[in-house]
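Got chain S; can you put chains Y and D on it based on the hints?
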Amino acid sequence: MFTTGSKFLIGASAVALLATVIYGVGQDGVLGTIGLASATVGLMALTALNAILRDSNVFLDDDAPVENTAAAQPAPTGSVWPFGFASGAVVVAVGLVSYQPVVVIGVVVLLATGAEWTVHAWAERASSDGVHNAKVRSRLSNPLEYPIGGAVALGIIIYGFSRIILSLGKTNTTVAFFVAATVVVVVGFMIASRPKLGSAAVGSVMAVGAIAVVAAGTVTGIRGERDIAEFETTTIWQEEALLHPEEYAAGAAEGKHPAGLICESPEEFPEADERASETVGMKSGTYQVLLSESGTLDFDPPGEKEAGAVGMVIPRSSTTNVIFRNDSDEHRRLSLDLGRPYTVTDYESEIGNLDESAPPTQICTTLIEPGGAQLLTFKAGEPSFAYESIPNPNGPPGADGFWFFVPGVDTAKLELIVP
Amino acid sequence: MSARTDVANHEGTRERAARATTSLKTVTTRTQGARLAKVGGVVVLTGLIAGCAKNAPQDTFQPRGTNAERINDLALPVFYIAGVVGVIVLGVIAWTVMRYRDRGQPIPVQTHGKPALEIALTILPALILIGVAIPTVGTVMALNDTDDTECVVNVTGQQWWWEFDYPVQDGCMPGGITEPIVTSGQMAIPVDTNVLIRGTSRDVIHSFWIPRLNGKRDMVPGRVHNLRMQANEPGLYAGQCAEFCGLSHANMRMEVAALTQDGFNRWAANQLEAYESPVEGTVAADGESAFVTNCSSCHQVNGLEAADGNPIISRPDVGVYPGAAPNLTNLMTRTDFAGASWSLLREECRKEVWEAEPDQFTDRYLEGVTDDCFNEVDLREWLRNAPAKKPMYADPTKLAETGGLYRGMPYLALSEDQIDLLLAYLLERK
Amino acid sequence: MAIIERPATESPASAETDDMVTATSSYGYLRRPVETTGWRSWAFTVDHKKIGIMYGVVAMFFFVVGGIEAGLIRLQLAGPEGTILSADKYNQMFTMHATTMVFLFVMPMAAAFANYFIPLQIGARDVAFPRLNALSLWLFVAGGLFLNSSWILGGGADGGWFMYAPNSDTPFSPSNGVDFWALGLQITGIASLVGAINLIVTVLNMRAPGMSLMKMPIFTWMAMITQFLLLFAMPVITVALFLLMFQRSFGATFFSVEEGADPLLWQHLFWIFGHPEVYIIVLPAFGIVSEVLPVFSKKPLFGYPFVVFSGAAIGFVGWGVWAHHMFASGLGPVSVAVFSVATMAIAVPTGVKIINWTLTMWGGKLQFTTAMLFAVGLIVQFTIGGLSGVTHAVAPSDTQQTDTYYIVAHFHYVIFGGGVLGLFSGIYYWWPKVFGKKLNESWGKWNFWLMIIGMNLTFGPMHIIGLQGQPRRMYVWTEARAGEGFFNLGMWNLVATIGTFVLGIGILLFFVNALVIHRSQPVAPLDPWDARSLEWLTTSPPKAHNFDRTPTVHALDEVFYRKYEDVGKGDEHDYVQRASLEDLMLEEERHADAHIHLPAPSYWPMVLAVSLPIMAYGVIYTSWLIALGGAIAIAAMFGWALEPADAEDSDFDPPAPGEQTSKELANV
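Order-wise, the sequence lines are chains S, Y and D.
Numbered according to numbering that gives the first Met the number 0, the first sequence spans residues 0 to 418.
Numbered according to numbering that gives the first Met the number 0, the second sequence spans residues 0 to 429.
Numbered according to numbering that gives the first Met the number 0, the third sequence spans residues 0 to 667.
These aren't lab readings, by the way, just hints derived from the structure by calculation.
Just so it is clear, CB atoms sit at the ideal spot from N, CA and C, and this is done for glycine as well.
Misleading hints may appear alongside valid ones.
[As the list claims (entries may be wrong)] Distance condition first, Cα-Cα at most 20 Å in a straight line; then the derived SDA-like pairs of lysine to any residue: (1) S:Lys-378 - D:Gly-259; (2) S:Lys-304 - Y:Lys-388; (3) Y:Lys-388 - D:Val-475.
[What the hints assert, rightly or not] One-sided excerpt, in silico: chain D residues whose CB lies under 7 Å from chain Y: (4) Val-256; (5) Met-343; (6) Val-475; (7) Leu-488.
[What the hints assert, rightly or not] Computed footprint of chain Y on chain S; a stretch qualifies when at least three of its residues, placed anywhere within it, have a C-beta under 8 Å from a C-beta of chain Y: (8) 314-320; (9) 395-409.
The following block holds chain S by itself, in its conformation from the complex:
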């Protein structure tokens, strides 16, 4: 009724089920229980599949080797799995006294080699014929070994390569990529030009390459990545100041960051401003806003700028991209003040009523180095004439409406007109 393989898998399922129950009741651990339950389900599925496929054993009808039973059992063949299993145990032990990830690696090695060992041992009992037994073993193991092994090998190489790339600087990364690509092409070309080359030679070239990548990856991985800042934007700082004013003020008092809104501050904010030059968005078909050396702000639309323009005119509600280019000698940011929003409680009756105490709608770039550029994306849902009588402190004295400005440069003002 049950084939040898099924028996093995039934046993494994039962053990997993038991472990699930014990762990689930005894440890109260949700994650572990889920893991064990998954293992149980997986093993059961494999059991069912294997039962249906009758060990997927094409050689089942091959009676001759089987008939010579236990008496004729051959001596066990050499096996690498006990060694692997022991190594796994050592890794676990090392991990317990050092880093937790090492324990995980050890456990994985233990499980993998344990499974392989079990299958190997099971296959050796299949018949008296060693060749046949090897076939039986590979039929069960290879469909798992090849994809998993391949994925792991590929993963290690990719991970190693990523460590190398991450440890190099911006320019070196490009060079490294270029060199790697060239090496691949040249080696590939050399191999292709020698069709008679044996697979051993090709294999050893590949192996050398893989070892080189993994070794370099290990070294650079240990040495650490180049400095890559956390993703932090001006918007986050702006929101932080407006939504949590007390914490924000406390942070400023401790000297963690400058006081005041980031969009109104010429000072450098941690994180957001440090990575300024890394976030340049280069696009075509956008407006440019230029801060000149003399401290004036001017805009340059795609195509020709209209003669006698008093401000930059953009349509209502349309997403607008502006490239800010800093031609001054200082680090500067471009900010846009879109006025104080309406308090729309009852929509129709409140038309035209502005809440002057509300915080301003502002958006800004990070601090841009002299000669640098950055993209600012925004949308103005309301027309600027709705703000006609509302003073905008960031515009020139007495101004209202929407204004581009550069904190720290009083002369740099540019009106944004939304008709």
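Relative to the frame of chain S, chains Y and D by itself:
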């Protein structure tokens, strides 16, 4: 089998002899052939031209501005070359098919090719194409040159209408534009002026295309694209959104009204005139309050004030997904509405405007929608149930993906009385 | 490799003992299927010929579906302000018409020919990976049905087959149509990719002895170039579809303008795939007519190397012209100029093909069978399409023409004229090879002429409609913009609609011919057309193992040179028939290979193919279905890997003494 061979051989020699005599004929027909090809090419193209519609408003072969003319001057020769090449190639094919059809001739020589001939026949089309490529590059560059701009208009596409903003500038007219002008559906430009369109979109990609004035240019959200516009003579030039933009793509039209310089000045002055409330007690005065109640949350009428004296600012961004609706301050200065899909003029008046002679067009156009010419029918239907007239995503039950925001004008459930009031009010918006 | 062969000299007895482990009877519960008759013999087959036929049948089904969609579109546009379809339905209709015709008709129809004839033309017994071949077929069927199931699940995709962002995003296309589109095309994309790899390996590794690349039949060449194009184009569209799927289903922002994205990204991705796709569509048809013209001209293909290299040149340059679909998109003038010139450059190798076809006929002995008529029709119609293509390679001119009906006219002359006519030519030419009987020639000629007239009536007026300013993809057109006079755009729109129905009747005649008239046709001789290439060196229909003896190739047009001998002296050539194909076949059977082994059928390709649409439904509706589909997929992969290597009795034994041939047994 040998008997068969003999017959074949015999036929073969006869055929060879025949070919020797026909080869002379081939030489003579070759020169005739070239002439025939030219004549044929002309005939084919004349046939095509004769088969064309008259006065199609979007005909690409009737340029009325320098940019479209430049394209036409490049395209026409290419069409002629293509026509001649086509007639030659198809002629040769036809001749081959007739001449070499199976008339019992022997199995031909198994020639695998003549490299010299083939190289020659590869180089020949290459040369023709190089001849086409050089002026093409020149024209591409010329059509993208913006140095000669005299007037700038911001164009914005939205599902399914176009908005035109005239920024404050010294250009466009003597004295320049002093305050931004906003209009939709119909763009007014002065004739003989190099207008630069600076276009974008609020939602999906649209394409601005006035065939008689220039080729098309996609208007892409988040990007600003330029397009040159210039008209040689006053007139109304039809256009159509040319990039598929969703449900009502077919109903997204636009027109360019080219006016004399004087006419454009009058047009601009009219657009900036201060708002005049309807006279107290008239139907239109009641219409104003109906408009404030039903329409002003999305449609801006500049100068309209609430009871408390505050200006009424429309907030289409609160109710409409792309965030805008046509500005209706001067609705009746345009001749159509709803993405230029329906006329505000009765048919006979519409014809008058469209067919007006260039020297009379400006005055006729600036009359706007007079009481006599007003086409009430379509506008009434529109107010009664807009999404039934023009397919729009305005079903309130299907707005989950836009967070409850409409795309297009919803059904407002207005009563016929309300519609009467609104029509009276709107008819005064000029 | 799937096919294991032993030298004929080896005696069967020694072969038996040689192999210690031999399959005989039992294989566990899931042995490999062995049926040679009934539906199972088709559903689980790995025979490239059966798979080819099924590709063709399913593609033809989708051809009808796409044709009905086209008919509805033309009915809607027959008059102004049409009311047959709503705006929404119309948008779905033209989107699905293009998608169906491109992905579910022309591509799989070309795959049908490639599958059936590549192994035959190169003298192989099957493709390199027979089970993968079955997987390709069933994935295509699964993807096609999945895509079309959107009709009953809330409507088809409505963004146009180019599916420009951001119009394809959920706010603008809230129904599930685009999801079905993105997922369905990913499934058929896997089918194309798997098929491409399979056929490339087949062509490069499994050619008969003596067949160098430059002795390879031209159809195989063109089909192989097509597979390379697929191999590189499919990943690009898959990436684009992936981005779209994540944008729509998982809240990604690849095309969200407010987040700073640039919607032109989609256009670049789409057209980097989309332009090579044009060549994927036409190159197989070019290959077919390059086979048909020499046969019915009684001359070799003129300038074979030129045709091969121009095909390869198209394959390369085709990657550098995608932006000519974007001349109006607002690229800078420099890009526009560069792509404009590159586009003109690609006209040269295309022109070379037309010249070579004409010169193939020049000096020939032309027999106007239906297949030949379709081939000549292709040359003529494609020439027109090519020339109108040159007019919009000129970028400024294109800004007036793009997105108008002129473009619709152009690409239908290219795809219908240059692609579909070629496929029909191939159908008529190879029908007796596949089914043993010719299609009726007089029905065929009616079919041809009605299609040609119908096509020119439909697409010819669109040149005028487009140049006079009617944009595409409009669910209604209005009289206000249609012009005046007898020849106004309304009249031409009506003509185009009438033409569609003439075309439809022409295609209907084909189905009558193939399904009804065909039954009473006499059995065709082995060599009905006096053909020239290797696929004719076997029975019609071919036996399961294709060739009794693996042929050795000495020349391009191998079969012609086996039949004919040049008895002329010096420069005088005279070709005399020395042998008929029947003679050649007898010779082949006398030297049949011993112990031919064919791959056994399998259940798993079909099971694996079924799992993907289940997962795709899961992406749209509920993730439980993803789990279910995933479980089926894993089970299928394991079943595939673990299933027995072989079925019972899949070997063909050598002929018994005294028997003419025992291979008839295998002729199932």
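Tested hints:
1. For the given pair, Lys-378 (chain S) sits about 11 Å from Gly-259 (chain D) by alpha-carbon distance, which is consistent with the 20 Å threshold.
2. Between Lys-304 (chain S) and Lys-388 (chain Y) the CA atoms are separated by roughly 40 Å; this puts the pair beyond 20 Å, and the hint is violated.
3. Restraint check for Lys-388 (chain Y) and Val-475 (chain D): the C-alpha separation of about 13 Å stays at or below 20 Å, so the hint holds.
4. Given the 7 Å rule on beta carbons, the hint for Val-256 (chain D) holds: about 4 Å separates it from the nearest Cβ of chain Y.
5. A least Cβ separation of about 4 Å between Met-343 (chain D) and chain Y falls short of the 7 Å threshold, and the interface hint therefore holds.
6. Interface restraint check: Val-475 (chain D) against chain Y, minimum CB-CB distance 5 Å, threshold 7 Å, status holds.
7. About 5 Å separates the beta-carbon of Leu-488 (chain D) from the nearest beta-carbon of chain Y, less than 7 Å, and the hint is met.
8. Here's how the region 314-320 of chain S fares: 7 of its residues keep a CB closer than 8 Å to some CB of chain Y, so the rule of at least three is met and the hint holds.
9. Remark: the region 395-409 of chain S is not confirmed as covered by chain Y, as 0 of its residues place a Cβ nearer than 8 Å to a Cβ of that chain, below the required three.
Hints 2 and 9, counting from the list given before, are not met by this structure.
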